[in-house]
Amino acid sequence: MVLQSLKNGLWLSCILRTPKACFWSTASGGLIVQSVSNDVYQNLAVEDWIHDHMDLEKQQVLFLWRNSPAVVIGRHQNPWQECNLRLLRQKNIKLARRRSGGGTVYHDLGNINLTFFTTRKKYERMENLKLIVKALKALRPQLDVHVTDRYDILLDRQYKISGTAAKLGRTSAYHHCTLLCNADKLVLSSVLKSPYKGLKSNATPSVPASVKNLFEEDPGLTSEMLLDVIAKEYATQHHIDHHITLINPADETLLPGISNKTKELQTWEWVYGKTPKFSVSTCLNMAYKDSVLDVKVNMDVKHGRIEVCNIDLPEQWLPPGLYSELVKSLTGSKFCPNETTTLVTTLLRACPQDDELHNRWSVLCENMIMLM
Amino acid sequence: VCIHRVRSCSSIRFIKSKYVCVFDKSALKFSHQQRLFRTSAVSCGQIVQFKLSDIGEGITEVTVKEWYIKEGDSVSQFDSICEVQSDKASVTITSRYDGVIRKLHYSIDDIAFVGKPLVDIEIDASKGVAPEEDVVETPPMSHEEHTHQEIKGHKTLATPAVRRLAMENNIKLSEVVGTGKDNRILKEDILNYLAKQTGAILPPSPKAEIVPPLRKTETVPAAPKDKARKIPVPVSRPVAFSGKDKTEPVTGFQKAMVKTMSAALKIPHFGYCDEIDLTQLVQLREELKPLAEIRGVKLSFMPFFIKAASLGLLQYPILNASLDENCQNVTYKASHNIGVAMDTEQGLIVPNVKNVQVCSVFDIAVELNRLQSLGSAGQLGTSDLTGGTFTLSNIGTIGGTYAKPVILPPEVAIGALGKIQILPRFNGKGEVIKAQIMNVSWSADHRIIDGATMARFSNLWKSYLENPASMLLDLK
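Heads up: the protein sequence lines correspond to chains Z and F, in order.
Numbers 1 to 372, taken from the UniProt record's numbering, label the letters of the first sequence in order.
Numbers 1 to 476, taken from the UniProt record's numbering, label the letters of the second sequence in order.
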């Protein structure tokens with residue numbers, strides 16, 4: 001019953017405590033909401049929620065959000081191919097997989113996210129991007145920004161300041177895009193560079209581009225100013241008041257079911273397990289004692305788990321029983337350094353207590369873990 | 001014409017044993033004589049090719065990225081079928097029909113075309129389809145009385161398949177009560193009507209979600225069976241328990257546990273338990289906690305327990321030893337690498353603090369902090385997790401008093417610490433006082449350790465903790 005009345009939009013207007021008692025008094029339907037949270041999972045969950053529960057027939061929605069440092073990959077991408085996972089873990093930068101397609105982006109508070117919700121029929125990305133350009137030009141008329149046919153927004157004809165992605169469902173759709181205001185470009189370029197070699201997959205690859213912050217073009221620009229001018233343009237085009245409603249993604253009464261959506265987006269099965277099948281074919285250069293061993297490794301990874309694993313070790317380098325135990329343990333386990341570390345250290349407990357053996361085992365396992 | 005159709009149908013039947021003929025609506029006009037043959041050649045429903053609908057923005061092709069269903073699965077209207085991608089847009093394609101998936105026209109990463117078939121769905125004939133393709137308007141069977149049937153002035157709604165069933169059984173649709181949407185007459189309604197008329201017992205009609213339709217068999221599902229059940233008329237509806245067993249493979253952490261515990265089983269364990277009065281230690285920790293905080297370190301009880309254990313191991317080194325595979329040699333380990341059992345989201349892990357014998361209580365606290373933060377972030381390294389010689393498990397932080405811990409090979413002893421409780425005890429003067437009591441449960445490898453050794457070690461450890469000042473005498 002809650003969702004029923006929600007579809008009329010009235011309930012939402014009451015809960016959001018907007019000054020307007022009823023949205024239907026306006027000429028055309030539109031709603032601008034902004035998230036108070038900087039948590040990427042919570043914000044992605046809000047997108048899911050609006051997509052699944054709101055009736056966009058009478059009222060389109062613009063959702064504004066910003067995240068604390070995070071890397072967001074597209075629905076069908078491979079995180080190992082797209083970013084430096086080791087660096088992410090070290091720097092405590094979150095990794096999220098969104099439900100829309102497209103490529104990988106780095107978010108921090110200097111980057112703003114805009115999501116345009118419409119019915120499936122009214123899905124129109126160019127219009128949305130033109131709206132943004134119009135807003136930017138209204139703020140700074142001398143800004144050289146334009147939309148490309150790849151749905152990017154370029155600054156000075158060469159620097160990408162916005163990337164786009166979209167999600168279409170049965171009755172509703174959304175188009176979201178980024179806008180670089182003042183993001184940390186150093187961190188951006190270092191995390192979006194993958195160190196993993198030998199990966200082969202059909203996952204959607206990202207197209208790297210030179211980026212620039214709008215702040216670099218005009219230091220007077222802030223994220224708040226940009227959010228405001230875009231909201232104003234949206235309000236004008238939809239004939240609604242220039243009013244931004246704040247929502248809290250942790251509010252389960254306002255958005256019933258949101259905490260489940262948030263949890264799902266954080267599960268390993270979603271973030272890593274949804275990676276399309278890929279193979280790893282590389283050579284470990286293992287430094288052991290005074291020599292360097294070249295060890296060929298081949299692995300097939302499906303749903304984020306190792307399906308097949310082959311390590312081409314010199315004969316008798318490890319006792320054959322132990323080697324087969326290692327391969328057996330790795331097969332079916334997650335392609336994940338933490339899980340692999342636990343497995344290999346546990347296997348060691350049941351081994352003969354031989355220093356030489358332990359050293360070899362450690363060297364091999366350390367190298368294997370580096371692949372993940 | 002009819003006979004010609006039958007022949008072509010039979011040839012199709014033999015060539016395409018996997019697929020069934022795709023019938024158009026005219027096929028439903030088959031006369032009665034051909035019915036039996038035709039139904040034995042096909043399954044009970046009609047195959048519809050579900051085409052990929054328009055994506056918008058003039059897009060003509062997409063890439064299939066993920067299938068949510070496979071051939072043979074039942075789907076309901078609006079269930080997700082697959083995920084396709086086109087130019088940065090990810091699209092969820094949902095089913096327009098209730099039915100069973102008979103064929104997937106594309107594999108993962110294939111290019112699919114808008115307007116071309118995506119999947120073949122076999123529609124359960126008694127069910128309605130999505131409004132876009134409502135079969136209500138199609139011309140019904142040839143017999144006059146079955147066209148334009150009226151119940152109370154309303155036009156009767158029924159699919160051609162239902163009309164055929166009624167006609168074959170000489171039932172007037174006007175006499176049947178429809179239970180479907182808009183009083184539509186469903187196959188079940190015809191069967192119910194029949195049952196009441198003839199008193200015959202008929203099988204409940206198969207619902208697509210529960211019974212997978214007959215694929216390769218050739219029985220006639222609609223015909224009444226001899227040993228079928230009576231259609232039930234429930235008075236009270238008991239709550240149906242729809243829980244199902246769920247089987248998953250053992251992988252990752254669980255697999256690791258299986259290996260460790262199977263190896264541990266080979267060790268003959270014996271246990272020894274005691275209670276420790278920590279009243280003095282509790283007070284000492286309260287005094288030292290702020291000092292540690294100034295240095296940026298959280299001080300728990302564990303550093304004290306670990307250091308006391310190491311002092312004890314200096315006196316009883318057999319507890320810090322390892323027995324080889326054939327039980328031929330005992331190796332007395334020089335380093336006291338004391339493991340601390342940690343409960344993480346994924347399961348139990350045991351990192352160890354290296355060389356406790358040369359560490360101060362503060363050093364141990366620092367190292368524990370480091371291991372704990374790495375452990376909760378899932379970033380412990382292999383060196384943190386290997387080389388342990390003795391383990392303490394502080395299960396008391398979760399709860400419990402006495403436990404029966406399992407030794408982690410290649411070690412030979414382990415201690416489980418219960419929770420600290422405030423209990424009444426007698427002091428030296430025979431008065432009842434409040435004491436902070438903790439229980440400890442030791443397990444040791446009975447092949448090389450005897451009860452007396454364990455008891456003496458435990459007493460020594462206990463004495464250090466009950467009277468922390470005595471630790472100062474023996475600290476190295």
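Source of the hints: derived by calculation from the structure; they are not laboratory data.
Just so it is clear, the structure is predicted and the values come from calculations on it, not from any experiment.
Watch out, some of these pointers could steer you wrong.
Derived BS3-like pairs (lysine-lysine); straight-line CA-CA distance at most 27 Å [said to hold, decoys possible]:
| id | chain 1 | residue 1 | chain 2 | residue 2 |
| --- | --- | --- | --- | --- |
| 1 | F | Lys266 | Z | Lys302 |
| 2 | Z | Lys289 | F | Lys333 |
| 3 | Z | Lys121 | F | Lys116 |
| 4 | Z | Lys91 | Z | Lys121 |
| 5 | Z | Lys302 | F | Lys103 |
| 6 | Z | Lys289 | F | Lys246 |
| 7 | F | Lys259 | Z | Lys328 |
| 8 | Z | Lys261 | F | Lys116 |
| 9 | F | Lys266 | Z | Lys122 |
| 10 | F | Lys246 | Z | Lys302 |
| 11 | F | Lys333 | Z | Lys328 |
| 12 | Z | Lys232 | Z | Lys200 |
| 13 | F | Lys259 | Z | Lys302 |
Against the structure, the hints come out as follows:
Proposed proximity of Lys266 of chain F and Lys302 of chain Z is contradicted: the alpha carbons are some 36 Å apart, above 27 Å. A threshold of 27 Å between alpha carbons decides the hint, and for Lys289 of chain Z with Lys333 of chain F the separation of about 24 Å falls inside it, so the pair holds. Taking the CA atoms of Lys121 of chain Z and Lys116 of chain F, the gap is near 20 Å; set against the 27 Å cutoff, the hint holds. For the hint linking Lys91 of chain Z to Lys121 of chain Z, the alpha-carbon distance of about 42 Å lies beyond 27 Å, and the restraint is violated.
Under the criterion of a C-alpha separation no larger than 27 Å, the hint pairing Lys302 of chain Z with Lys103 of chain F is consistent with the structure, at around 23 Å. The hinted pair formed by Lys289 of chain Z and Lys246 of chain F fails the criterion: a straight-line CA distance of about 48 Å is larger than 27 Å. Annotation: proposed proximity of Lys259 of chain F to Lys328 of chain Z holds, straight-line Cα distance about 12 Å (limit 27 Å). Under the criterion of a C-alpha separation no larger than 27 Å, the hint pairing Lys261 of chain Z with Lys116 of chain F is inconsistent with the structure, at around 34 Å.
Restraint check for Lys266 of chain F and Lys122 of chain Z: the C-alpha separation of about 68 Å exceeds 27 Å, so the hint is violated. Of the supplied pair hints, the one linking Lys246 of chain F and Lys302 of chain Z holds, its CA atoms being roughly 21 Å apart against a limit of 27 Å. As the CA atoms of Lys333 of chain F and Lys328 of chain Z are separated by approximately 31 Å, the hinted pair breaks the 27 Å bound. In summary, the hint linking Lys232 of chain Z to Lys200 of chain Z is not supported, as the alpha carbons are separated by about 45 Å, beyond the 27 Å threshold.
About 24 Å separates the Cα atoms of Lys259 of chain F and Lys302 of chain Z, which keeps this hinted pair within 27 Å; it holds.
This entry does not satisfy hints 1, 4, 6, 8, 9, 11, 12, going by the numbered hints stated previously.
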